[in-house]
Amino acid sequence: MAGNTDPLSPRAKLAVTAGKAAAAVSRAAGRGSGSVIGGRVALKLDPDLLARLARHLDVILVSATNGKTTTTRLIAEALRAAGPVVSNALGANMPAGITSALAGGSDARFGVIEVDEKYLAGVARDVTPKAIALLNLSRDQLDRAAETRMLAEKWREGLSGSKAIVVANADDPLIAWAASSSPNVIWVAAGQEWKDDAWSCPSCGGVLQRPDDDWNCGDCGFRRPIPSWALSGDYVLDPHGSAWPIKLQLPGRANKANATTSAAVAAAFGVPPQVALERMYQVQAVAGRYDVVNFHDRDLRLLLAKNPAGWLETFSLIDAPPAPVVLSVNARGADGTDTSWLWDVDYTRLAGHPIFVIGDRKLDLAVRLEVAGLDFRACDDVDEAVRHAPPGRIEAIANYTAFQDLRRRVGN
Amino acid sequence: MSDNSLRLVWVYPDLLSTYGDQGNALVVERRARQRGLEVSRVDVRSDQQLPTSGDIYLIGGGEDRPQRLAAERLRRDGGLNRAVDNGAIVFSVCAGYQILGHEFVNDLGEPEQGLGLLDVVSTRGHAERCVGDVLADIDSRLGLPPLTGFENHQGITHLGPHARPFARVRFGNGNGTGDGTEGAYNDTVFGTYMHGPVLARNPQIADLLLKLALDVNALPRVDDQWYEALRAERIAAATQPA
Ligand SMILES: [Zn+2]
Chain A
335 MAGNTDPLSP RAKLAVTAGK AAAAVSRAAG RGSGSVIGGR VALKLDPDLL ARLARHLDVI
395 LVSATNGKTT TTRLIAEALR AAGPVVSNAL GANMPAGITS ALAGGSDARF GVIEVDEKYL
455 AGVARDVTPK AIALLNLSRD QLDRAAETRM LAEKWREGLS GSKAIVVANA DDPLIAWAAS
515 SSPNVIWVAA GQEWKDDAWS CPSCGGVLQR PDDDWNCGDC GFRRPIPSWA LSGDYVLDPH
575 GSAWPIKLQL PGRANKANAT TSAAVAAAFG VPPQVALERM YQVQAVAGRY DVVNFHDRDL
635 RLLLAKNPAG WLETFSLIDA PPAPVVLSVN ARGADGTDTS WLWDVDYTRL AGHPIFVIGD
695 RKLDLAVRLE VAGLDFRACD DVDEAVRHAP PGRIEAIANY TAFQDLRRRV GN
Chain B
16 MSDNSLRLVW VYPDLLSTYG DQGNALVVER RARQRGLEVS RVDVRSDQQL PTSGDIYLIG
76 GGEDRPQRLA AERLRRDGGL NRAVDNGAIV FSVCAGYQIL GHEFVNDLGE PEQGLGLLDV
136 VSTRGHAERC VGDVLADIDS RLGLPPLTGF ENHQGITHLG PHARPFARVR FGNGNGTGDG
196 TEGAYNDTVF GTYMHGPVLA RNPQIADLLL KLALDVNALP RVDDQWYEAL RAERIAAATQ
256 PA
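Protein chains in written order, with the numbering used here: chain A, 335 to 746; chain B, 16 to 257.
Think of the hints as simulated: they come from the structure by calculation, not from any bench. All values reported here derive from a predicted model rather than from experimental measurement. Cβ atoms here follow ideal geometry from the backbone N, Cα and C, with glycine treated the same way. Some hints here could point you the wrong way.
Claimed, not checked - Here are the in silico distance ranges between beta carbons for each label pair: (1) A/GLY726 - B/SER155: 48 to 56 Å; (2) A/ARG721 - B/GLY51: 35 to 43 Å; (3) B/PRO161 - A/MET484: 50 to 58 Å.
As the list claims (entries may be wrong) - When the alpha-carbon atoms are kept at most 20 Å apart in a straight line, the in silico DMTMM-like pairs for lysine to aspartate or glutamate are as follows: (4) A/LYS452 - B/ASP238; (5) B/LYS226 - B/ASP238; (6) A/LYS488 - B/GLU78; (7) A/LYS488 - B/ASP122.
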């Protein structure tokens, strides 16, 4: 086992046991997986528990607006080549959920932990991570007023005192700015399709110039760092200039980018890119995302897209027209109750697809598509949408709670 | 307007487009084209000069720091004031609305000079942010159906004698002054706290902007069935406690 091998204190042990018992009760009562409630009970008994659990592990934190659950899974798979891994694989990414996940891994060497963006600085302080992977930052859940640049500023302050290796996306100016306060950064050219949150220089407020894939600020000189790892088509380029083929079951450019970052993280722990990438191939679906299910004798692919950047990446991976597309949008608490972000998504990219809209906020979608000049059909539920869909695999794209609804309905 | 084309200017999308504000531009553009008008839409970034010959200018909402940067650059540019002198129509939302007034409180907590195009002054409230669906009655002189929108702001805007309240709220907060007013307008300049985006939920306001810009009293009808369905749903939502 790596790192500190002190046994847990009696108080921490008690907290772990109490947390596990609470989780079991919660499961028995049919209230979800129980991981969050278990963690809450444990944290209450011993507020230092998270730090103490982490002390026995090499901790890797993963944060981003999009792709953190998938990347956490890819890194976990890759690192299993070097030792046992504990991870919050189901995406419970706030301190209680993280505590609960770590409590279940007493034999692990690595803790691969997805962290909600708002908690990253605090968790990074508590668990003294060996590495932190930062993928992207963009607008999400507007009514909570999570201003993206302020978030980047909090990261920047938090990372300036951290000894962790920061593996960061050089193509996202907000990420580059947040990470550049850290003394130890491995820059990855992971790309950035969504650029609308990064026209303003995060350092000085000047207008960023973005020729091709480069970017720089004419006012203060802040510019894209030189990456040592890069995603290039279907290959990962490592710092020695070797190209390693990416073969994933997960679709899309964004997942290739996630694999590139994951390979860079794995290499920092001695796992060669070839080994890491081969292991990543095993990942098929992540918490239902990308799963293809059979429903009413049709193949339905379940795709999660929570914000404009996520929708844009999703449009780039769906089957070409005339593949039917079902769009589902809710605006419940976990989604953010403001739907105005729909207008930041370029739905004209769906031209040529038969489109069906469902979900609590299908009328917002309907007006959005009408203004985009697209034909669509509004349906009461996914059953009706599937009944009317022309032949071909159906791409179902949904935001957070709409995705959970969809999974429940199609039995996934 | 000498010919059949409409010049639509979206001001500073790099700073002021946090809340789907592009939607307002898309709706005006779509509804103009549906009436057979040619539209040239110009999206002007904050390092570019604002054209002064536009017919309709749209300014969106934004976070506190970009709001200050936008006000600085708009003051330095001067183009928007010249455009209004030339008779242009301006429609502004939230942070953009505050910028059009005499003064607002910036991200540093200091008073920041606005453009003085609306007789309003904005301060920052100490209460919780105003967040949620709003239903309001638009000033009867404008002859429009009720206003539905989504508000998300902490600002408080006080109207001077040369600005008229754009609407009076039935549900929601609006200007946050406690007097029930929402937004402000004069003959050609409009401001509102409503997101949504507001023109997608109130296409009749988009048509009003078109009529003012074209100097006509009526426009050919278009099919509003989806807008109407959305309006009915959101009006019902605003009247039910969360
Ligand atoms: Zn700069």
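Here is how each hint holds up against the structure:
no. : hint                            : in the structure
1   : A/GLY726 - B/SER155: 48 to 56 Å : holds (53 Å)
2   : A/ARG721 - B/GLY51: 35 to 43 Å  : holds (38 Å)
3   : B/PRO161 - A/MET484: 50 to 58 Å : violated (35 Å)
4   : A/LYS452 - B/ASP238             : violated (43 Å)
5   : B/LYS226 - B/ASP238             : holds (18 Å)
6   : A/LYS488 - B/GLU78              : holds (16 Å)
7   : A/LYS488 - B/ASP122             : holds (16 Å)
The structure fails hints 3 and 4 (numbered hints given earlier, in ascending order).
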